[in-house]
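Protein sequences, first through last, are from chains A, B and C. Going letter by letter, the first sequence gives residues 35 to 336 in our numbering. Going letter by letter, the second sequence gives residues -11 to 304 in our numbering. Going letter by letter, the third sequence gives residues 454 to 769 in our numbering.
Among the clues, some could well be false.
What the hints assert, rightly or not - Okay, the calculated bits of chain A under chain B, using three or more residues with CB under 8 Å as the criterion: (1) 114 to 128; (2) 252 to 261.
What the hints assert, rightly or not - Okay, the calculated bits of chain B under chain A, using three or more residues with CB under 8 Å as the criterion: (3) 41 to 50; (4) 83 to 97; (5) 255 to 267.
As the list claims (entries may be wrong) - DEER-style ranges, computed between Cβ atoms: (6) C:Q529 - A:V157: 21 to 31 Å; (7) C:A759 - B:S134: 32 to 42 Å; (8) A:V60 - C:L462: 48 to 58 Å; (9) A:G51 - B:E132: 43 to 53 Å; (10) C:R456 - A:R149: 18 to 28 Å; (11) A:L153 - B:Q170: 20 to 30 Å; (12) A:L312 - C:G485: 50 to 60 Å; (13) C:G478 - A:L130: 25 to 35 Å; (14) B:P261 - A:G51: 23 to 33 Å; (15) A:L153 - C:A718: 39 to 49 Å.
What the hints contain is simulated information worked out from the structure, not anything from laboratory work. Every residue, glycine too, gets a C-beta built ideally from N, C-alpha and C.
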Amino acid sequence: MSAASGIWARRWQRLRGHRAGMASLVLLALLLLFVLADVPLEAITGIDPNEADLFARFDPPSWAHPLGMDEAGRDVLLRLMVGGQISLLVGLLATLLGGMIGIAVGVAAGFWGGRLDALLMRVTDGMIALPLLPLLIVLGAVDLTKIGFSSEFAHSGAAGFWRIVVIIALVDWTAIARLVRASTMQIRERDYIRAARAAGAGSWDIIATHILPNIATPIIVALTLTVGRVILFESVLSFLGFGVVPPTPSWGNMLNNAQELVTTAPLLAVYPGALIFLVVMAVNFLGDGLQHAFDPRSEQPE
Amino acid sequence: MSPLLEARDISVQFPTAAGLVRAVEGVSLAVQPGEVLALVGESGSGKSTVGFVLAGLQTPTRGQVLHDGRVLDRAVWRQIRREVQIVFQDPFGALDPRMLVGDIIAEPLRLQRLGNAVERAARVALLLDQVGLPGEAASRFAHEFSGGQRQRIAIARALAPKPRLIVADEPLSALDVSVQSQILNLLKDIQTAEQLALLFISHDLAVVNHLADRVAVLYLGRLVELAPRAALFAAPAHPYTRALLDAVPRIGRKRLRGQGVIAGEMPSPLAPPSGCVFHPRCPQAQAICAILAPPWHEPRPGQAVLCHFPLGEGAQ
Amino acid sequence: MNRFILRRLLQSALVLLVMSFVIYGLIGLMPGDPLDVMVASVPGVTPEQIARLRAIYGLDQPLMLRYFHWLMAALQGDLGYSRSHSVPVLAVLAPALWTTCKLMLISFVAAVALSFVLGITAALKPGGWLDGAIGLVAFAGISVPVFWLALMMILVFAVELHWLPASGGFTVGDGGFVDQFRHLVMPVTTLALATTGGFTRFVRASMIETLRADHIRTARAKGNPPSRVVLVHALRNAMIPVLTVMALSFGSLFSGALLTETMFAQPGMGKLIYDAILSNDFNLALSGLLFATLITLLANLAADLAYAWLDPRIKL
Ligand SMILES: Nc1ncnc2c1ncn2[C@@H]1O[C@H](COP(=O)(O)OP(=O)(O)OP(=O)(O)O)[C@@H](O)[C@H]1O
Ligand code: SF4
Ligand SMILES: [Mg+2]
């Protein structure tokens, strides 16, 4: 146990030495508090972030609405908070789902090798070669009723949310897959895997107890960087109208009308984008910090 | 007495980008219960590969492995899995860095579904004691231990399911000289106490002389001589065995680790020489050696040699 | 070499073929139906008439068959009619392709140049304040949403300062070189800035790596800043992987171009595809997407070949 805490204590120590990484961690914590603050705020003020008031369009900031009202007369601050929850959640879920696809593909290719590896890597290379955004747009434009979903579901907010999670995951797993494959191949020939085989372990035992724990470190780093990319994808798709659909806010779709509004209410165009920028930047710096903290060169016990 | 494990005419080939690597060619070998069989040969002679085949970690390209007279396929291997365990050369790569030592040692028990968690913990404590490590080692990680201690952990893991045979693949080579004899004695003690059979892979003939009951000599994937220890050291019948023995330092002389003593390099297993594969380096070689593969001879009872002109044959 | 090229060509062709099928299938899943528009312009069409029309246009056939017909036609250069532009798809596609290539190439060259300056500067003194500042800028480039960057550029330079036109490829009635240039400034800057971030990090990492290796090899200049010779040498070594990565990022460059064009209303492929999808112009969207894929594949192919050609370690 001292060693487990030993490894993680050392890593934590190194992360703390990484100023940008620590700053991002703090920033992310603050942003998380910010997006979650809508719950108490709504409870106290009784304002509904989805309630439009056409008489309050573009109202300037006031005590009740510190950032003013948007083009439909909704409270901008609250919508930024709720939209942030959606954007961050999409970021996390799509990363996890895509990560699972990537890990499955990478482990299968790296562990079993041979023809399976060749096939999976051809698919991965093919995916990497594609221009992702056009593909995402087409996927985002797919009419869910045509693939068997009820019209009711297809037009619900939940469908918009899950659709974007799934399509991003379907497209953004290749980096993880390659990384996992390379790490798996490195570990596959280790003697402790042979020893496990001699002790009667099957392939699944070995993957679960030896491979996955030993490749977790690079995966964590890569997944962190993926979160940033996914949040960018979400914002783009929602912005173009193929992602999270209003009235559910997301930082991306809050910029939907921003292009026309840039002359009348420029700040409405500034806020959500700045928040996306900030979050993605922090996530990327955190990934950099983790990479530094998990660096195998400093991993060896002293 | 029927052998515990028997390899019958096994060959192992690896297809690589450079061609077919013939790592093992037609090796037949039997391990008797409770005996120490040493497997010696230069680096690349196929010792590990033979060991892996006998430990069920490598399926032979040709030939069979038999256990108590039964041919081992995948299904039978699963049944007798616990009977054969393995100890590796590099104690750093042999222990999962993400697992606690206790979990590492208990892994064979867990996989074989032997005992419940409490019983396994008790067995781990016992095993740690047996290999000379404190009980609290169970709750630490492998990298907190020295090379010798790690090798003890690896031995404990191999002992855990009460095997009948342990394949030890150069278990001393990666250790400091000062530690080697400790681990060697530990292996010897355990082997005697548990009446284990040991397939001891090594290129250190001094150690082999100390430990083995019988010795098998591999050259370029072929078994070239198989004899009781005393006979082999006293009167090697194969020119290659003789060359190996000549390379062993006698007391007071400086150690010359194998290299430079036998003329020339071992040929590539990609393109083995014709006839007797040893002929390009053999001081005894005659014209026929380059053409015809030699047959087996039995110059003395229990001693088998693969050579056209075994040593000591005419003299005796 | 020729075999390598041939294999990569076949691979790319296969990816393109698979993608054409996937996109064909996906486009069919988009809302609406190719008949909708036709029907909408003729009041009082009966369901029977619609069914007859379906049969005539082959829309009642299974997906595979429709795809096959489309593929056959496409291979003969017939990509169909654009519904929203009322001209053959190729007639709309060609000028858009040119616009996009112009935007991508100029931005690419600008990004490469900028990233080399920044990356090398940062690599000269890793850990220095300049390195930190450049790292911050690079991270900003990676992290900024491209469309928002475009929006902010419009806000500052078009709306507030009135320096540059906010949208379009040229001013009606002008269209001279200077006018076109002014229209390109913001799109190119946006795309280049967004691309430079990632590139800079590659250049920096690669330079540090080679500098380190060179330092060790030459074993001099310890502590001193690298001499000019070392620098030039390292640069040459660092170039190969960096340029490959850059060329391989054409896919994301295209994604960026799509956004930039949409934001600045440039009549390029990106905007074309986007508008085509929004207006259910199936043929145009399909062909546009395939051309986008084709461009990316060709860029990757070129990168691979250049890499194989430049790097002596890769045997063809
Ligand atoms: N997986 C593999 N793929 C290709 N060739 C292999 C593989 N495993 C072993 N070989 C080759 O087979 C031959 C025998 O290897 P093996 O490891 O059995 O030798 P060894 O006697 O154990 O050598 P050492 O003393 O170095 O451990 C060598 O030439 C080796 O390169
Ligand atoms: S067969 Fe000939 S070459 Fe081979 S070992 Fe015997 S004497 Fe030497
Ligand atoms: Mg070996």
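Hints and how they fare:
For the segment 114 to 128 of chain A, the stated coverage by chain B is violated: 0 residues have a C-beta nearer than 8 Å to a C-beta of that chain, whereas at least 3 were required. With 0 residues bearing a CB less than 8 Å from a CB of chain B, the segment 252 to 261 of chain A misses the requirement of three and the coverage assertion fails. Counting residues of the segment 41 to 50 of chain B whose beta carbon lies closer than 8 Å to any beta carbon of chain A gives 3, which reaches the threshold of three, so the coverage claim holds. Here the segment 83 to 97 of chain B counts 9 residues with a CB under 8 Å from a CB of chain A, which clears the bar of 3, and the coverage holds.
Interface restraint, the segment 255 to 267 of chain B with chain A: violated (0 residues with C-beta to C-beta distance below 8 Å; minimum three). For the pair Q529 (chain C) and V157 (chain A), the beta carbons lie near 29 Å from each other, so the given range of 21 to 31 Å is met. Checked against the hint of 32 to 42 Å, the pair A759 (chain C) and S134 (chain B) fails, with Cβ atoms roughly 50 Å apart. Hint check: V60 (chain A) to L462 (chain C), Cβ distance near 51 Å, so the stated range 48 to 58 Å holds.
Range check, G51 (chain A) to E132 (chain B): Cβ separation about 23 Å, and the 43 to 53 Å hint is violated. Between R456 (chain C) and R149 (chain A) the C-beta distance comes to about 21 Å, which sits within the given range of 18 to 28 Å. For L153 (chain A) and Q170 (chain B), the hinted distance range of 20 to 30 Å is not satisfied, since their beta carbons lie about 50 Å from each other. Our hint of 50 to 60 Å for L312 (chain A) and G485 (chain C) is violated, since their Cβ atoms are close to 38 Å apart.
Taking 25 to 35 Å as the suggested C-beta distance range, the pair G478 (chain C) and L130 (chain A) conforms, at roughly 27 Å. The hinted window of 23 to 33 Å between P261 (chain B) and G51 (chain A) is violated, with their beta carbons roughly 59 Å apart. Roughly 43 Å separates the CB atoms of L153 (chain A) and A718 (chain C), a value that falls within the hinted 39 to 49 Å.
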